[in-house]
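Quick note, the sequence shown lines up with residues 1292 to 1569 if you use the working numbering.
Incorrect hints may have been included.
With a Cα cut of at most 27 Å, we get these calculated DSS-like pairs of lysine-lysine [said to hold, decoys possible]: (1) Lys1483 - Lys1339; (2) Lys1483 - Lys1456; (3) Lys1509 - Lys1294; (4) Lys1509 - Lys1540.
What follows is a list of derived Cβ distance ranges for each label pair [what the hints assert, rightly or not]: (5) Gly1316 - Lys1483: 25 to 35 Å; (6) Glu1342 - Thr1512: 43 to 53 Å; (7) Trp1453 - Asp1355: 42 to 52 Å; (8) Glu1566 - Leu1478: 38 to 48 Å.
Hints are computed from structural coordinates only; laboratory data are not their basis.
Where is the CB? At the ideal position from N, CA and C, for every residue including glycine.
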Amino acid sequence: MQKILITGAGGYIGSVATYLLLQKGYEVVAFDNFCTGFEAPLQLLQEKFGEKQLRYYNTDISADITPLLEKEQHIDAVLHYAAHCSVNESMEHPDWYFSNNTCATNNFLVQLLENNIHRFVFSSTCAVYGEADYVPIDEAHPTRPTNPYGESKRMSEKIIEWYGKQSGLQYMILRYFNVCGASDDGLIGDAKKPSVHLMQNAVRGVLGIEPFFLTCGKFDTPDGTPIRDYLNVVDFNEVHILAREHLTKGAASEIINLGTGTGNSVLEIIQAVEEITG
């Protein structure tokens, strides 16, 4: 049973990734400081799969984690999800983003390499691209972040790339667009209330769980609402797991976009939710 370390394991995406890995028979070591994530999904998964297969720690990757890495020997690879990820918040508190995203990632990488852990899958963002010169955006598109969130992720990418060149780090950097959905059985998903995700909020509104209000400006699109590329969270995490498997086969480090290549407008998402739920 191969051992995988996940950061941000109590968050929306990280908790679904943890569930998928456990279902596939991996041993999972989960890190989260629970400043934005939740302990509840990890408790639930530990009860379901047992402490031998899942152990989680309330820890911060900006701190000294060497004792935990020494305790959890033979970690095969790392899936690094932990991050602050709100564009608007990053404009108000850029220091949080450069500290918690960039500096923490560097501190984490240094300790991983010191403990001979060299396989690293990084969950990045399409926000590193900034305003699109063309669509669909590919990996060759220039990176010109327009907010501290995107900048903090791009800086982290550069750190990862340099450790790849200088320290033997094997990495896959995955730049994603918009994530939606939950685990296929509905057990694990987005626990934040209110959610920052359109689809979750629309579903909760239809089900009467929370009020839903559409607040977006007028855009130069066919229906006047923003168009985004949405990717199911299970598919998203399956790619992270495949990226880790790719590295174990000695594949070259890469940067890859994650998306469908097809956009849907906000209004289209709302209409689809209404049709499905009746």
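Results for each hint:
At most 27 Å may separate the alpha-carbon atoms for a hinted pair to count; Lys1483 and Lys1339 meet this at roughly 22 Å. Taken as a hint, the Lys1483 and Lys1456 pair is broken in the structure, with Cα atoms around 38 Å apart against an allowance of 27 Å. At most 27 Å may separate the alpha-carbon atoms for a hinted pair to count; Lys1509 and Lys1294 exceed this at roughly 48 Å. At most 27 Å may separate the alpha-carbon atoms for a hinted pair to count; Lys1509 and Lys1540 exceed this at roughly 48 Å.
Here the CB-CB span from Gly1316 to Lys1483 is close to 29 Å, well matched to the stated 25 to 35 Å. At about 50 Å, the beta-carbon gap between Glu1342 and Thr1512 stays in the expected band of 43 to 53 Å. The hint said 42 to 52 Å for the Cβ distance between Trp1453 and Asp1355, and at roughly 22 Å that hint is violated. For Glu1566 paired with Leu1478, a C-beta distance near 25 Å fails the hint of 38 to 48 Å.
Figure legend: structure checked against the earlier numbered hints; hints not met, in rising order: 2, 3, 4, 7 and 8.
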